[in-house]
Amino acid sequence: MIVDCAHYKDGKRQHDHPLEPEEAARLAKEGGAFVWLGLYEPDAKEMTAVADAFDLPELAVEDARHAHQRPKLEDYEDNRFFVVLRPARYDDDREEVDFGEIHLFIGNGYVIAVRQGEASELAPARQRLEERPDLLEMGPAAAVWAILDKVVDDYRPVVEGIETDIEEVEDDIFARRGDSTQRIYFLKREVIEFHRAVAPLLGPLEQLERGAFPQINPRLQSFFRDVADHARRADETVMSQRELLTSVLEANLALLSVRQNEVVRAISAWAAIIAVPTFLASVYGMNFEYMPELDARAGYPIAVAVMAACVIVLHRFFKRIEWL
Amino acid sequence: MIVDCAHYKDGKRQHDHPLEPEEAARLAKEGGAFVWLGLYEPDAKEMTAVADAFDLPELAVEDARHAHQRPKLEDYEDNRFFVVLRPARYDDDREEVDFGEIHLFIGNGYVIAVRQGEASELAPARQRLEERPDLLEMGPAAAVWAILDKVVDDYRPVVEGIETDIEEVEDDIFARRGDSTQRIYFLKREVIEFHRAVAPLLGPLEQLERGAFPQINPRLQSFFRDVADHARRADETVMSQRELLTSVLEANLALLSVRQNEVVRAISAWAAIIAVPTFLASVYGMNFEYMPELDARAGYPIAVAVMAACVIVLHRFFKRIEWL
Amino acid sequence: MIVDCAHYKDGKRQHDHPLEPEEAARLAKEGGAFVWLGLYEPDAKEMTAVADAFDLPELAVEDARHAHQRPKLEDYEDNRFFVVLRPARYDDDREEVDFGEIHLFIGNGYVIAVRQGEASELAPARQRLEERPDLLEMGPAAAVWAILDKVVDDYRPVVEGIETDIEEVEDDIFARRGDSTQRIYFLKREVIEFHRAVAPLLGPLEQLERGAFPQINPRLQSFFRDVADHARRADETVMSQRELLTSVLEANLALLSVRQNEVVRAISAWAAIIAVPTFLASVYGMNFEYMPELDARAGYPIAVAVMAACVIVLHRFFKRIEWL
Amino acid sequence: MIVDCAHYKDGKRQHDHPLEPEEAARLAKEGGAFVWLGLYEPDAKEMTAVADAFDLPELAVEDARHAHQRPKLEDYEDNRFFVVLRPARYDDDREEVDFGEIHLFIGNGYVIAVRQGEASELAPARQRLEERPDLLEMGPAAAVWAILDKVVDDYRPVVEGIETDIEEVEDDIFARRGDSTQRIYFLKREVIEFHRAVAPLLGPLEQLERGAFPQINPRLQSFFRDVADHARRADETVMSQRELLTSVLEANLALLSVRQNEVVRAISAWAAIIAVPTFLASVYGMNFEYMPELDARAGYPIAVAVMAACVIVLHRFFKRIEWL
Amino acid sequence: MIVDCAHYKDGKRQHDHPLEPEEAARLAKEGGAFVWLGLYEPDAKEMTAVADAFDLPELAVEDARHAHQRPKLEDYEDNRFFVVLRPARYDDDREEVDFGEIHLFIGNGYVIAVRQGEASELAPARQRLEERPDLLEMGPAAAVWAILDKVVDDYRPVVEGIETDIEEVEDDIFARRGDSTQRIYFLKREVIEFHRAVAPLLGPLEQLERGAFPQINPRLQSFFRDVADHARRADETVMSQRELLTSVLEANLALLSVRQNEVVRAISAWAAIIAVPTFLASVYGMNFEYMPELDARAGYPIAVAVMAACVIVLHRFFKRIEWL
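Chains as they are written, first to last, in the working numbering: chain H, 95 to 418; chain U, 95 to 418; chain R, 95 to 418; chain P, 95 to 418; chain S, 95 to 418.
Just so you know, these hints were derived from the structure itself, not from any lab.
Treat the hints with care, as some may be off.
In this list, chains with the same sequence are indistinguishable; a pair is considered to hold if it fits within one copy or across any two.
[Stated by the list, open to error] Calculated lysine to any residue pairs in the SDA-like style (CA-CA distance at most 25 Å, straight line):
id: 1; residue 1: K103; residue 2: R326
id: 2; residue 1: K413; residue 2: Q354
id: 3; residue 1: K166; residue 2: M95
id: 4; residue 1: K103; residue 2: P227
id: 5; residue 1: K413; residue 2: A269
id: 6; residue 1: K166; residue 2: R359
id: 7; residue 1: K106; residue 2: R391
id: 8; residue 1: K123; residue 2: T340
id: 9; residue 1: K166; residue 2: G126
id: 10; residue 1: K106; residue 2: I361
id: 11; residue 1: K413; residue 2: I367
id: 12; residue 1: K106; residue 2: W417
id: 13; residue 1: K106; residue 2: E152
id: 14; residue 1: K139; residue 2: R222
id: 15; residue 1: K139; residue 2: V357
id: 16; residue 1: K103; residue 2: G255
id: 17; residue 1: K166; residue 2: E261
id: 18; residue 1: K106; residue 2: L153
Just so we're clear, the structure is a prediction, and the values are computed from it rather than from any experiment.
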């Protein structure tokens, strides 16, 4: 599905309505301007039409068809580039990170963004860029920056969502509320997956930072550095979250052990509290001929009183040594 | 055993039937064409015949004889190369990865593929290449690419098979079905082994990507980059699976601890439920002369009722604190 | 809020009172001197005024607005630099590290320090530098050094505070005082966070050490090396603290296991001590017609004595095998 | 002790009997040939004599005297080299790796091999080389290759021996035969030690592969590459064995936990099975005046039958929930 | 405190008695000779006097004052160097590594060694060097080598002391003697600390090996390589000790679990052994009218015999299944 297709010249959008790909391809070949074509989960026919119109690199098109690529930046002859991005969105209810996929085809005079999955909204990036004619004038690289900036900025709420969940888990385990093992495990799974989406992006971003696009404006280059820096920050945070979660899992295990100790103690205390009077009862259940207590009138009440006293004394004792 | 041996010229296979190695070696020396000879677990005699006909490097031939090599790319004088690959296939029933071994001897005008083990089928690679005359024209390098592409593409189902098994294990441990320790351990073993097959391949693939073959077609080079990228993706996935499995093992340990806590609590609750009425029975088993309850007509039924009441109250209590 | 703004010339402060930013910007453009402007959590208006007056790089200003940046050193055209620092302060009561943030804008003739958070006091750095006219004469780089030196020197008490807490935790767990799991975990969390504040600083510091500032005085360069060295030391210490805390957590788990073993033994010993006399009592509670002991006058006292003897012997036995 | 000392010229051994060191040193100085002197645990006098005759580097000789060096390759002026190797042999009974030590002094026209420990047999290497005049002609480098090849080839049975033991341990722990903790630990110890012997060798081998010997024959260089490749393979295998053993230790811990769970359940089931009839017996041991069952003729047999029924029902119940 | 101060010329010590620093500084400025000044924990005044006399670099002097530096090598203008070393000594009784600190100031014609802490004896290094005029002639670098060699050689007994303690701990835990958790933990602490003293030294030593001192004698360079090699060996050993100790801690945990299993089994066996006869006694304590056994003359002895038989059978049974 074609989401939007615009022709930018002298820092301004030329048409309000989306262009047809063929028209866009023709305009892309004119100098001093560029077209930005956005597609959302295109079917094979649409993709082929676009690939033919813009003469996109064969392997890149095939990659874009299959999805599930790792983030990368590939250059082809004639200043053409293929970029794969993995945008992310945190679903706080399911405590899961949803990943989308964006494939960018960049060439002289055009940027084509093919989006997969919901977590890959790009409209805000386009809108934001259209408000900055000074950047728009810099050509396709500006669009690439706008998209990268959007994707990397969107990592921040993911990282923060995970952070919040980690803090909740910490509260839970140290307040001893239920068993958090499963939750910790799945948070760690998300963190590992997220790292896998961000880390391979750092290499390409550093390439851009150092100037992988040959005819890039030096001012724009510092914009790419800014994006790379934010991605590094996201990755570093996620790495320490991974380490934290490992520690949480270990702390959890230790706390389970502590709790088991406490349970065993409490149980044993109660067992002792009931075993002692049971023993006393057994004693007076013995059938000896001559047991003077048995004949005493006050024998029974006294025995019961002694049992009660034992229970009270033991209970206090176990309270004091904190087994109860 | 010679599986197939074909002579390719101008992007087309010249004969339908397999050539003899000697004939192939002769044709290999002619310019503008190449032969692709496929052998499956050749015996010493066959191997020697081929090595002599094509003048293969001595050490490489010896390596091919012994199998169990690590993936590598070695260059010899006169533009000759020796490549070792470890194709893999996932046996989902046994949850084991089967590894084969492929040795490629590459020289001016020839590619010789020696396969070991079942997990090393190459016929589809040859078939696919024969359908692309534009690639076939590029000479031996195209055959190397076709083989590498097949081997690396076959890693994907392995990685996905392991992924599925990990998810099954996760379901099992969090649903507390049986003990998954052994399964987790052997999955991790497979993952470690698989990483060992893929990781050493990344270096050679990057060499190819950067142009280790001197007279390689630049278009083909981006095909090698594509293969390298898929191998990197397989390896990264496997690395995070390894980390996941470590976490699964830890989570499993924590869950075992949780389960033990629960068992100990349930047992203790039942012990308490039976200990209290037993104690009451002991009390009324005492032989005191004056125990008014004993003489009461309703004494026995009341005692039994009190015991039952204790059992019910304790049972409810333990239900409420979730020990039962 | 403008904290201080001074004009330094020939190694001496020119005015006692703080300058206005506009005045400072004018003076900065004169040669042979520099201004050092300190701001504390400036509001948007103040920040814009300063950015306009000094023509600060757009992206850097935006970063400074958002805070929560990673430590970094960025160079912009015209010898302008942007440095982000994360000063730290250890709050021993809460056992937490408080982080502040300092953004430095450096250009020809000016250093602007924007501070965020309490843990970012810079007045002592300025004071110390003003006492060293020989350094002040070296221009903005000297101010940068003074600030870096202050920030990195302040890491030392943090590291030492954590060290002390680790030693306390060690004492606690080996003396078996309470459960230290939570404390160990949160110490580890602080250590991970602190590493994240210091580690990214090492790269920029090494850049400075090797001479990132083009017109730097070689003598000052060895001052930067000194700072880099202290930062490396802080980071190395923190890394080994992290490893220690992992070991503490493991040792803690082992000790919990040891303690559980001891508790189980003690409980079992007491259970045995009470089970044996209870059994004896049961025996004499049997209703056999012919039990000679029952009729003996001394039967009861002897039975009680035997029970007492059992208790004493068992108690001694369990003491000897160290179960009690 | 001088084991053998031969003079090789034009690819052939010149004498059958071992030469005296002095004679060998004289021959070494002639061009177009080399001597290979093998010593086994020489005493100080022998070593000094050889060092003087061949003018060996002082520090290298001192190192050779002290043994317990790490594998390394050092070059001295005048094309002299000093190589330390750590050959290994697996003692399957003790499950220990025995390490020897070989010091090679290489110079123009001579190779001196000083062996320490039993696990350093070199005779097969010499024999194998003497059968290849084409290699012998290449001078001292060929002897160095022959020795390296022997040492590295001997790593393979070590690695395989450890592999077999790991598989045995896996069988043991998953079949729950005894406690394998100690065996796992000592296997890991061996693996760590073995890695320490192999890993430092990789650097020097790669130096040789890239041509550290200046006047080396390019054909021989591919022989060194082959050795390096085998060493890398041994090291990679050992690294994954180390990781496997860590996982085995963790799996072992989980299985111990599982087993404890099972034991606790079985014990508790039996406790319940006996507690219920005991309770019933206590009930009928009560001394109430009016307990109609007590007077019934069939009372006793019925009571016993009820107890038996309880035991059977409980036993079945615990069988069904798999606690027994 | 000035320990010794000597003037070396033409490989010989010129005076027996220690020189005054000022005299030494004057002699240092003469060519073809050097002075070696040794200070032990100098007070501020002494240090200032020496710093002034030799014109030592300001920052280095300040570092030397504060101690607790990381090992490093810094070069200053005019061929001046500042080296920090952390000598170590193993106190086997306390199982602790004592660290000292040595600061070396090196310049044209002088070496000044400032020692802190007891574990920093340098007299043997000086003595050993004075016995080698051939090395003494090489100037200050020879003194630096002698000191480095002494410090690094002293690491060996530390490493060996730790090795011995690890073996003792292994014996203890596998022979199940007491709880070694605390000892293992503190050994690991020492190992981490020791690594922190040695590892940062490797960089500077490799710089020296590659020729950081510009006018160094090539023969001396191979002496520095020897020292670097010993330091690398110490560090590698310590790294694998660290890994071993981690494994020991894990094995310890597994053994604790095994031991707990055993204790629980033994306890349960004894509980069963006493529960069965207690149950029998309860049965015969029932008050049924018609219990034929009760009236039998042999009833009581038979009942006791049956109880004894139960005990014996159960005991044998538990012995056989190895619970006792």
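Outcome of the hint check:
Taking CA atoms no more than 25 Å apart as the test, K103 paired with R326 passes in neither setting, with 33 Å inside one copy and 39 Å between copies. Taking the shortest Cα distances, K413 and Q354 sit within 25 Å of each other both inside one copy (18 Å) and across copies (19 Å). Within a single copy, K166 and M95 get their C-alpha atoms as close as 24 Å, which meets the 25 Å cut-off; across copies the closest is 42 Å, which misses it. In this homomeric assembly, K103 and P227 come within 25 Å of each other (Cα to Cα) only inside a single copy, at 9 Å, whereas the closest approach across copies is 42 Å.
For a Cα distance limit of 25 Å, the shortest separation of K413 from A269 qualifies both inside one copy, at 21 Å, and across copies, at 22 Å. In this assembly of identical chains, K166 and R359 lie within 25 Å of each other by CA distance neither inside one copy nor across copies; the values are 57 Å within and 53 Å between. With identical chains, the CA atoms of K106 and R391 are never at most 25 Å apart, being 110 Å at best within one copy and 105 Å at best between copies. Taking the shortest Cα distances, K123 and T340 never come within 25 Å of each other, neither inside one copy (53 Å) nor across copies (53 Å).
When the C-alpha separation of K166 and G126 is checked against a cutoff of 25 Å, the pair qualifies neither within a copy, at 28 Å, nor between copies, at 36 Å. Taking the closest pair of Cα atoms, K106 and I361 never come within 25 Å of each other, the shortest separation being 77 Å inside a single copy and 76 Å across copies. Taking the closest pair of Cα atoms, K413 and I367 come within 25 Å of each other both inside a single copy (12 Å) and across two copies (21 Å). Taking the shortest alpha-carbon separations for K106 and W417, neither the intra-copy value of 76 Å nor the inter-copy value of 70 Å comes in at or below 25 Å.
When the C-alpha separation of K106 and E152 is checked against a cutoff of 25 Å, the pair qualifies only between copies, where the shortest distance is 22 Å, while the shortest distance within a copy is 31 Å. For the identical chains of this complex, K139 and R222 are inter-copy neighbours only, at 23 Å across copies versus 31 Å inside a copy, given an alpha-carbon limit of 25 Å. Taking identical chains as interchangeable, the C-alpha atoms of K139 and V357 are never at most 25 Å apart, the minima being 66 Å within one chain and 60 Å between chains. Neither within a single protomer nor between protomers do K103 and G255 lie at most 25 Å apart by alpha-carbon distance, with minima of 40 Å and 50 Å respectively.
Taking the shortest Cα distances, K166 and E261 never come within 25 Å of each other, neither inside one copy (33 Å) nor across copies (27 Å). For the homomeric pair K106 and L153, the shortest alpha-carbon distance between copies (23 Å) is at most 25 Å, but the shortest distance inside one copy (33 Å) is not.
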